[in-house]
Amino acid sequence: MGERLRQGCSLGVIASLIERTFAAMLPHETWSVRVGPGGGDILALTADERELTAHMAPRRAAQFAAGRREARAVINRLGYPVAPILRNSDGSPLWPPPLKGSISHSGGLVAAVAGYDPALLGIGIDLEAMGRLFPAGAGDLVFNQDERQPRWPCPSFPYRLFSAKEATMKAMRQATGLRLGWEEISIRAEFPGQRFVPNILHQAYAGGHSVIGGVTTAHGFSVAVCAVFNLAQSTGKTDLGPDARV
Amino acid sequence: MGQLSNEEVFSVVKKHLTDICEDVDPAAVVREASMKDLGASSLDIVEIVSCSMRELRVRVPRAELSKLTDIGGLVDLLHRVGAA
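Order-wise, the sequence lines are chains A and B. By the count of my numbering, the first sequence reaches residue 246 at its end, each step adding exactly one. By the count of my numbering, the second sequence reaches residue 1084 at its end, each step adding exactly one.
Honestly, the hints are just simulated from the structure, not real lab data. Fair warning: this is a prediction, and the values are worked out from it, not measured in the lab.
Covered stretches of chain A (in silico footprint by chain B; criterion: 3 or more residues with CB under 8 Å from a CB of chain B, positions within the stretch not fixed): (1) 58-70; (2) 135-143; (3) 177-183.
Sample of chain B residues at the chain A side, in silico, Cβ under 10 Å: (4) Glu1032; (5) Ser1034; (6) Lys1036; (7) Ala1040; (8) Ser1041; (9) Leu1043; (10) Glu1047; (11) Ser1050; (12) Met1053; (13) Lys1067; (14) Thr1069.
Restraint-style ranges between C-beta atoms, simulated for each label pair: (15) Glu1007/B x Leu231/A: 48 to 56 Å; (16) Gly208/A x Ala1063/B: 21 to 29 Å; (17) Asn76/A x Gln1003/B: 53 to 61 Å; (18) Arg1059/B x Arg59/A: 30 to 38 Å; (19) Glu1022/B x Asp140/A: 22 to 30 Å; (20) Ala1083/B x His55/A: 25 to 33 Å; (21) Ala1083/B x Glu51/A: 37 to 45 Å; (22) Pro37/A x Ala1083/B: 41 to 49 Å; (23) Glu1007/B x Arg188/A: 42 to 50 Å; (24) Pro1026/B x Ala44/A: 26 to 34 Å; (25) Glu1064/B x Asn88/A: 15 to 23 Å; (26) Ser1011/B x Gly131/A: 25 to 33 Å; (27) Ser1066/B x Gly108/A: 22 to 30 Å; (28) Thr30/A x Ser1005/B: 49 to 57 Å.
Idealized CB from N, CA, C, for every residue including glycine.
With these hints in hand, go ahead and build the complete structure from the sequences.
Listed below in structure tokens is the structure:
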């Protein structure tokens, strides 16, 4: 009972932190986020969705079902008809148009975000459980020279950097179709400010977008969201405001 | 890396995968599987690649890693770089 209460409290805190971090990017009525337990019932999936789990390990299938459960709740909250959420060829969720969205799993939780805005081309979310020190070798593989530090200012710092990169990869893939590598995204790391602006270094990337993100930590999790807007259609609501650290 | 066979490289990757993702069924780790579908998180995958590279004493260009879709692709890449 106590554990369930604690988990319920964590879910609510993490969800509200994501909402707060994301609020400056989109008008509140055009997006929604949900955080829930990371295990779901595959029998609650549609037949088409269940087919996608056929080759998954049981744990992954339960994660998949949880992600779809939270995604459906988000779609419902936005007032759109609930439809199957299948998969793109790269494995990312295929959101019913005109919605853009993202799902992330880690440490027994799942987070889903979706939104609709005429200027919004992609949203990415990344959730990471910070249950141990960030693995040193992983940092060498993921972080660019200008992102690495001889000594991290705090243990959560590399997690936030990693989450920011992952969320940016997802948002950019949805917006442009580009599959970016870790070395092709550079994050100006000025945490504890919550906002970040990624620099996209991919050769084929032509620009024309406003790419902004927010990252935070709560209850042992690092959470980042990133949104990609069409600069030509942007109406200024992507302005990060006075506390932007860019 | 000495002249390890493709199968030996696969064993190294499999060992790190099952060490890092403790609840993965070793029997489910096959070349055609994706680490994501076995339940590995993004950070788990980075760590598996990093530990495999360290044990095999190879360095793979980071740009190559983002193109991989399954375990077999990673094993082939590590094997090819190690043999070069």
